[in-house]
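4 protein chains.
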Amino acid sequence: MEKKKIWTGRINKQTNALAEEFIKSIKIDKELYVQDLIGNAAYAVGLESIGILSRDELKLILIGLKEIKKAIEENKVDFNQYEDIHSLVEFELEKNIGTPASKIHTGRSRNDQIVLDELLYIKSAIAKIVKLILDLEDLLIEKASKNLTLILPAYTHMQKAQPVLVSHYLLAYFEKFSRCLRMLFFNFQSSDFLPLGAGACVGSGYPINRQLLASILKFEKLGSNSMDIVSSRDCISDYLYTCTMIMQNLSRFAEDFIIFNSQEFSYINIDDSFCTGSSIMPQKKNPDILELIRGKSAAVLGHLMQIMALLKGLPLTYNSDLQEDKKILFNAHNETTNSISIFIELLKNTEFDKNKMLENCKGGFIEATDAADYLVKKGLAFRQAHSIVGSMVNYCIKKGIHFYDLDLNTLKKFSEFFDNDFFENIKIENCINSKLTDCSTSTQSVRNNIEKAKEEILSFKKEYNSLINKIPDFDEIIKTHL
Amino acid sequence: MEKKKIWTGRINKQTNALAEEFIKSIKIDKELYVQDLIGNAAYAVGLESIGILSRDELKLILIGLKEIKKAIEENKVDFNQYEDIHSLVEFELEKNIGTPASKIHTGRSRNDQIVLDELLYIKSAIAKIVKLILDLEDLLIEKASKNLTLILPAYTHMQKAQPVLVSHYLLAYFEKFSRCLRMLFFNFQSSDFLPLGAGACVGSGYPINRQLLASILKFEKLGSNSMDIVSSRDCISDYLYTCTMIMQNLSRFAEDFIIFNSQEFSYINIDDSFCTGSSIMPQKKNPDILELIRGKSAAVLGHLMQIMALLKGLPLTYNSDLQEDKKILFNAHNETTNSISIFIELLKNTEFDKNKMLENCKGGFIEATDAADYLVKKGLAFRQAHSIVGSMVNYCIKKGIHFYDLDLNTLKKFSEFFDNDFFENIKIENCINSKLTDCSTSTQSVRNNIEKAKEEILSFKKEYNSLINKIPDFDEIIKTHL
Amino acid sequence: MEKKKIWTGRINKQTNALAEEFIKSIKIDKELYVQDLIGNAAYAVGLESIGILSRDELKLILIGLKEIKKAIEENKVDFNQYEDIHSLVEFELEKNIGTPASKIHTGRSRNDQIVLDELLYIKSAIAKIVKLILDLEDLLIEKASKNLTLILPAYTHMQKAQPVLVSHYLLAYFEKFSRCLRMLFFNFQSSDFLPLGAGACVGSGYPINRQLLASILKFEKLGSNSMDIVSSRDCISDYLYTCTMIMQNLSRFAEDFIIFNSQEFSYINIDDSFCTGSSIMPQKKNPDILELIRGKSAAVLGHLMQIMALLKGLPLTYNSDLQEDKKILFNAHNETTNSISIFIELLKNTEFDKNKMLENCKGGFIEATDAADYLVKKGLAFRQAHSIVGSMVNYCIKKGIHFYDLDLNTLKKFSEFFDNDFFENIKIENCINSKLTDCSTSTQSVRNNIEKAKEEILSFKKEYNSLINKIPDFDEIIKTHL
Amino acid sequence: MEKKKIWTGRINKQTNALAEEFIKSIKIDKELYVQDLIGNAAYAVGLESIGILSRDELKLILIGLKEIKKAIEENKVDFNQYEDIHSLVEFELEKNIGTPASKIHTGRSRNDQIVLDELLYIKSAIAKIVKLILDLEDLLIEKASKNLTLILPAYTHMQKAQPVLVSHYLLAYFEKFSRCLRMLFFNFQSSDFLPLGAGACVGSGYPINRQLLASILKFEKLGSNSMDIVSSRDCISDYLYTCTMIMQNLSRFAEDFIIFNSQEFSYINIDDSFCTGSSIMPQKKNPDILELIRGKSAAVLGHLMQIMALLKGLPLTYNSDLQEDKKILFNAHNETTNSISIFIELLKNTEFDKNKMLENCKGGFIEATDAADYLVKKGLAFRQAHSIVGSMVNYCIKKGIHFYDLDLNTLKKFSEFFDNDFFENIKIENCINSKLTDCSTSTQSVRNNIEKAKEEILSFKKEYNSLINKIPDFDEIIKTHL
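Chains as they are written, first to last, in our numbering: chain A, 1 to 482; chain B, 1 to 482; chain C, 1 to 482; chain D, 1 to 482.
Take the hints with a grain of salt, since some may be wrong.
You can't tell identical chains apart in this list, so a pair holds if it fits in one copy or across any two.
[What the hints assert, rightly or not] Below are the DMTMM-like pairs computed for lysine to aspartate or glutamate, each with C-alpha atoms no more than 25 Å apart in a straight line:
{"id": "1", "residue 1": "Lys27", "residue 2": "Glu74"}
{"id": "2", "residue 1": "Lys470", "residue 2": "Asp78"}
{"id": "3", "residue 1": "Lys454", "residue 2": "Asp138"}
{"id": "4", "residue 1": "Lys398", "residue 2": "Glu351"}
{"id": "5", "residue 1": "Lys131", "residue 2": "Glu20"}
{"id": "6", "residue 1": "Lys479", "residue 2": "Glu94"}
Treat the hints as calculated values from the structure; they're not laboratory data.
Using the sequences and the hints, build the whole thing.
Listed below in structure tokens is the structure:
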């Protein structure tokens with residue numbers, strides 16, 4: 001069967017079959033069908049408001065669009081016969097309601113239409129991902145509260161550094177994801193403008209009622225320059241950048257947990273229902289999910305590379321290279337949301353092993369910084385204190401002993417400043433609670449920061465609710481305007 | 001001569017010479033010397049405020065830091081003997097003032113110190129680049145105003161699409177760069193927090209006066225979580241992303257101009273002082289600068305990939321991989337600022353060739369969309385009008401003529417709706433001015449948008465001024481606290 | 001229904017449903033079903049040869065595998081109930097033939113099995129892409145021969161440089177793609193080793209007959225180190241690099257053609273059946289295919305980034321991150337093969353416009369290098385000749401004339417060396433044919449290079465045939481061993 | 001002072017100072033001075049052979065070039081006054097010897113000249129890096145031989161999988177680096193062609209003696225197509241790809257060692273002279289070098305992206321974007337060679353801790369696969385055996401015991417096939433040596449593979465020697481032709 005196209009006239013021949021298959025984007029952009037239908041509904045209302053469509057034609061169109069949605073959702077539309085989602089809607093509409101369908105493209109181009117669909121998609125995508133991160137942050141706070149005083153060795157260079165609270169560790173990720181949230185809110189704002197009215201690239205010759213369209217489609221602003229509107233994909237690359245950052249953070253969280261899950265560390269127990277076995281080694285309990293997330297972080301990073309390499313050096317205004325943007329966008333969005341979702345479930349089903357962590361604090365001279373601080377408080381300059389404790393560590397390693405095993409006499413040989421209160425000072429709990437800055441791991445500081453996090457998340461949720469109200473709904477538009 | 005290090009004590013041997021060369025970052029991070037000195041000055045003030053330093057020691061230190069700055073700027077410091085900029089400052093200070101120098105690292109780690117230096121660098125970098133983009137935007141508005149009614153063919157798919165005003169074209173880039181500005185302001189805000197107090201990773205055991213430090217160093221907020229502070233480089237990748245977007249836009253502007261500068265287009269004349277010749281072909285006048293900018297956009301994109309691939313899957317907290325971040329940051333920043341600077345000069349020295357552009361509007365049936373719109377206004381549905389005009393284009397191409405050459409009779413054969421006013425309607429100027437949306441290329445719309453752009457740039461400049469006030473100055477800190 | 005897994009036993013719980021969905025790769029790796037079946041058939045033969053399977057069991061298994069293939073190809077297998085293609089084959093086999101199926105994994109792991117499937121895929125993929133490039137090269141030679149003496153301006157910096165033969169231009173791409181071919185042959189060789197016998201990571205405890213397996217599976221070598229075999233994906237990234245290079249070359253070819261197809265250049269006519277129109281601008285004839293190829297080159301580049309970022313810093317041996325490799329591989333392979341296929345068709349349907357190209361040689365002082373060479377041949381040093389001709393160009397531009405319009409007297413003012421033979425020397429055809437190096441554009445040189453290209457392609461085809469013989473065929477294996 | 005240029009004449013104005021600074025590449029390409037001098041010397045010989053230079057002029061030039069080399073190496077040349085290395089050589093030569101210098105550019109362009117310099121650089125670079133990898137491989141073989149029977153747990157998913165020999169582990173990297181070597185040899189071959197004779201893009205009008213030049217410059221082949229020669233940078237991206245692969249392998253080696261170096265694993269001891277301490281935590285002994293290598297692997301990957309994004313969609317032939325290639329090439333080469341060099345030293349200074357590794361084999365049921373294999377050998381199908389052993393692992397974990405602690409009665413409850421020889425079978429050494437494939441970790445197999453590796457390295461060294469002979473030497477050229 002001959003595929004239908006909306007641009008015959010100038011082109012004298014039937015498109016070559018291979019070419020047609022290569023050019024068409026319907027397999028990808030069918031994911032935008034709701035957005036395209038919303039856009040068409042709003043645009044029809046707009047056309048009626050300026051007299052291009054009669055009230056009756058508008059009604060026919062709105063009903064027609066509703067039917068198309070239903071047909072698509074019931075799998076009754078043969079996508080494959082169309083070039084793209086715009087053609088599909090226009091031709092399906094024509095099949096349903098005849099002539100009025102051919103007016104719906106008046107004053108509009110696929111160049112601004114696709115931008116509309118993409119902006120609507122991105123706004124929804126951002127809302128969805130914001131919700132997921134809020135869920136993750138709620139869980140982080142809950143886990144931090146529950147494990148407030150559990151102690152873990154903190155690492156630098158994969159070497160035990162100083163003891164830290166598990167709650168403090170979890171809040172570090174709260175901070176990281178909060179930055180992603182702020183970036184997402186910023187991205188939403190940048191994507192919140194009406195592209196319609198730009199036409200193919202120089203604007204429309206019809207008095208398109210842009211304010212009306214923006215209000216139906218719930219856009220805050222009007223795009224200002226037609227050439228910019230049809231040539232840019234900044235909203236996509238901005239969003240992909242944020243996805244990449246989210247995946248970066250998840251990949252680091254995953255890396256920590258993969259290490260913590262090794263038998264050598266054994267800091268966490270992931271529930272069996274979130275692990276897999278081996279087809280050959282019967283004893284294995286593998287953290288596949290975490291590894292897959294780490295792997296997917298590379299995939300999303302590559303998607304960012306794709307969109308940016310694609311745009312580099314492209315002349316104004318629209319070029320078909322841009323058609324490749326959707327696959328990139330959908331893939332990156334899906335990988336990211338799937339990864340957050342599953343990570344939340346895994347985190348819910350993971351417990352920290354208090355004893356193993358505490359036990360592991362014992363080797364490695366993790367109190368050395370506190371030992372140096374002890375000397376400074378007694379009156380030494382920090383650089384000397386640091387050097388003395390370094391020598392003590394060496395001494396102990398050679399003897400196979402630990403700070404606790406030293407007696408006061410021996411200590412005095414390292415520095416006159418040592419006294420009996422030293423041993424109290426370097427107890428693990430005291431190492432934690434002697435930290436004095438409000439960003440530190442002391443129980444008091446973490447308790448405060450949990451409260452602050454709760455306040456912050458409240459304000460994030462408020463902002464999320466306002467996003468939700470800026471996303472148009474197909475049924476609502478139809479209901480209002482029919 | 002033996003290189004000095006601030007971490008002897010535990011390590012029993014002299015570092016291997018090759019290893020030392022490999023590890024040391026001084027060749028790169030010397031670029032941070034002002035930031036490191038500022039950080040040290042503020043930190044010393046802070047230490048005095050909590051009694052770690054006496055007032056006299058503070059004075060010695062501040063004077064010592066001032067001398068180090070002078071010595072560096074007079075090329076009197078042998079950078080190569082130090083591992084990094086922090087060691088350099090500490091040891092040079094010790095040379096100058098002796099013991100008090102060894103107290104300056106109290107309660108601080110190189111892990112939070114380097115973050116401080118980098119945040120100070122980024123805040124300055126952003127201010128610098130904002131200023132450059134403001135200059136570019138001023139120039140765009142000026143050029144747009146001066147060339148308000150000049151006409152250029154707009155292109156889609158590198159095919160002439162519809163006529164457009166040069167001013168409208170220039171404002172498209174105004175929009176693109178305005179988005180970059182907003183992103184830069186957002187980046188600045190994200191980078192505006194005090195990292196000190198985080199220590200190596202768990203916070204500091206000293207009652208560091210963070211509010212005081214923030215106020216001296218002009219940070220708006222305090223970093224909240226020590227583990228997050230020392231493990232993150234989000235500010236760097238955020239800033240690099242924005243640099244990449246700026247370069248993307250420049251690369252597209254450059255591409256347009258390279259094409260416009262070809263003999264086949266000849267839309268612009270770049271002043272000879274901004275072109276180069278060929279070593280072999282005497283007739284050449286090459287747009288090297290534009291090509292280099294386009295090339296550098298690939299370089300900056302690669303730098304973004306570097307920082308992001310570097311961070312992927314890194315466990316908390318600090319790992320030395322992060323040491324590689326500075327080379328990436330400095331390179332990307334320098335390429336970007338140099339590219340904007342030179343592009344501004346080139347744009348100043350480039351003129352549009354009114355006649356060539358107008359002449360080129362004549363082939364290519366650039367009025368076809370307006371011809372279709374004409375029929376719609378007369379009562380046809382758009383899809384029919386589109387098809388009719390397509391056939392007319394075909395007809396004319398075969399005859400080697402143009403719309404103007406058709407008489408009314410012939411027109412009527414295509415559609416009854418044609419009338420004598422058709423010819424007036426498809427005059428290039430009318431094609432431009434018949435556009436009705438406020439994002440369109442009509443002279444009126446562009447005039448309005450120039451005014452809006454002027455208002456917007458005013459508010460950008462206000463925001464820029466507030467940035468400037470958030471960047472600390474070494475001399476001022478010294479003067480205030482000495 | 002409960003999904004079947006091959007690693008129960010150790011894991012105490014049913015996998016969480018979300019986790020299962022996240023982990024399973026069947027949607028992607030089902031593309032490997034032929035490879036997996038081939039691998040199983042060969043492995044079963046191997047197991048029989050060492051007594052693990054009886055002759056009857058082998059027969060059952062081979063028949064069972066054949067039935068699975070049939071069932072898959074008739075869409076009768078519910079992929080979704082399995083975790084991956086290996087589990088699918090094992091469980092479907094069990095359904096068909098019972099117990100013997102549970103022996104087929106003896107001495108094998110999914111870790112070496114997936115590498116086998118991937119190597120078989122890559123070998124086929126390379127053969128397929130080699131064939132396509134050979135077709136493209138055949139076409140290039142044919143087009144070069146047919147258009148041997150057609151003249152085109154060559155460009156540097158998008159500025160007309162010197163005249164060149166279209167045939168020479170086409171052969172430049174022949175060279176580029178020949179490099180890709182050589183790289184593909186090299187990739188094939190690197191992928192031509194048997195991974196079986198590696199087991200999960202340390203080798204197999206069964207006396208797997210590797211020579212026999214290699215001969216059935218047509219591998220030239222045996223993989224040497226089990227830990228390397230299961231941890232590496234070098235063959236994939238090597239192949240993706242070559243795909244990226246192919247796409248790079250196509251993107252440059254596409255860019256040339258997009259420019260040549262602009263009305264301003266008009267050097268080529270792409271048949272209407274390979275162009276598209278605009279939904280709003282009736283006159284447009286857009287080179288979508290070329291733009292899409294250019295866009296896809298960015299996509300494939302991003303895929304290379306994905307696989308390499310994925311592997312960075314991964315500890316030995318197998319990690320599930322590697323599971324993400326297949327999506328990347330299949331996508332990159334498909335985009336690349338589709339792009340070459342369609343480009344071949346487009347090139348077949350594209351004609352060069354002799355007159356337009358020749359006409360365009362006339363402006364731009366394209367003979368300037370030859371003018372300088374003229375003076376050198378008369379005795380001037382090149383640097384002086386270059387400078388003199390530069391001044392002549394300036395003089396002519398100011399006068400609005402050309403070299404042809406100068407009389408001998410005027411010429412003599414520039415240099416005494418000018419004589420009447422100058423005008424003959426700078427005829428376009430003479431500019432072409434006065435080139436003397438064997439890599440140059442002179443008709444003689446190009447004619448020779450066409451002959452050389454023909455010889456080269458013959459030897460490429462021979463190498464291609466030997467590849468084809470190294471790709472195992474399922475039916476053949478079954479037939480031989482049943 | 002006015003900077004000198006070799007392309008005045010056509011360009012009417014002095015280049016703008018900022019533009020000049022932006023355009024000039026001397027700061028980067030000065031690294032090519034030897035290559036440029038070699039190229040000039042050979043080219044002069046070539047020009048003499050075709051009568052463009054007299055014998056006396058040639059002598060003057062060769063002596064002049066020798067003096068320039070000396071001056072550069074004695075730091076007596078002010079690089080900054082020149083645009084690029086080609087201009088520097090030409091003008092310095094003119095200063096030294098006057099007029100004959102101005103003949104040296106006859107029939108040559110900077111477009112082919114820079115390709116020559118780059119190919120000479122790459123050939124040297126490859127030889128250098130091949131040598132380093134050979135050193136690394138020698139060391140791997142030496143270490144493997146010395147530690148032949150040391151046992152280490154092999155990991156999959158960061159979970160203990162099966163026991164393996166350290167020697168086998170090291171040989172896995174031997175395989176990985178051997179692939180890099182083969183790729184480097186392939187790259188060398190691809191880079192081994194003479195570009196001279198291509199001129200600016202269409203070939204040269206002089207009878208350049210290409211065979212002679214190739215023989216002096218030690219190129220095996222002649223570049224075939226002038227347009228391809230000046231437009232391609234495939235040799236650079238090929239080489240960068242291989243550098244990225246080398247860094248990938250190093251990053252994985254580094255990752256393994258960072259983990260092995262953690263206190264929790266403690267498998268290796270890196271000599272203190274290759275570790276660093278902390279500025280705040282006195283007990284730290286950080287594997288900085290390994291982390292830096294891992295970080296640099298991201299940097300080199302980004303460089304690969306730079307060159308490839310740069311080339312994407314670039315029209316033929318030469319564009320100045322290509323000028324940016326050198327910075328990318330030099331950076332990637334230097335990071336890679338420095339990383340290999342230091343890694344070799346670190347590896348030399350690292351010892352494996354036999355006891356720690358063996359002790360760690362004891363937990364984690366690392367013998368489970370062998371336990372299953374035991375049952376298969378006794379007659380069970382593998383899938384059942386796998387399941388039974390999985391249950392045994394569960395049972396033991398619950399009881400807090402190990403396989404060794406089970407008595408025969410208990411074993412029999414799991415399977416009738418168990419017998420007393422089971423305990424012998426699952427001894428760690430037997431797990432190792434019961435492996436039967438020639439790619440496995442059995443002592444015999446590894447011993448064989450060490451021998452094979454030695455043979456392979458011999459043949460690599462032979463190939464290396466033949467590379468060395470294909471790299472021209474400046475002094476030798478001068479001596480031969482003076």
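### Task
Output the numbers, in ascending order, of every earlier hint that fails for this structure.
2
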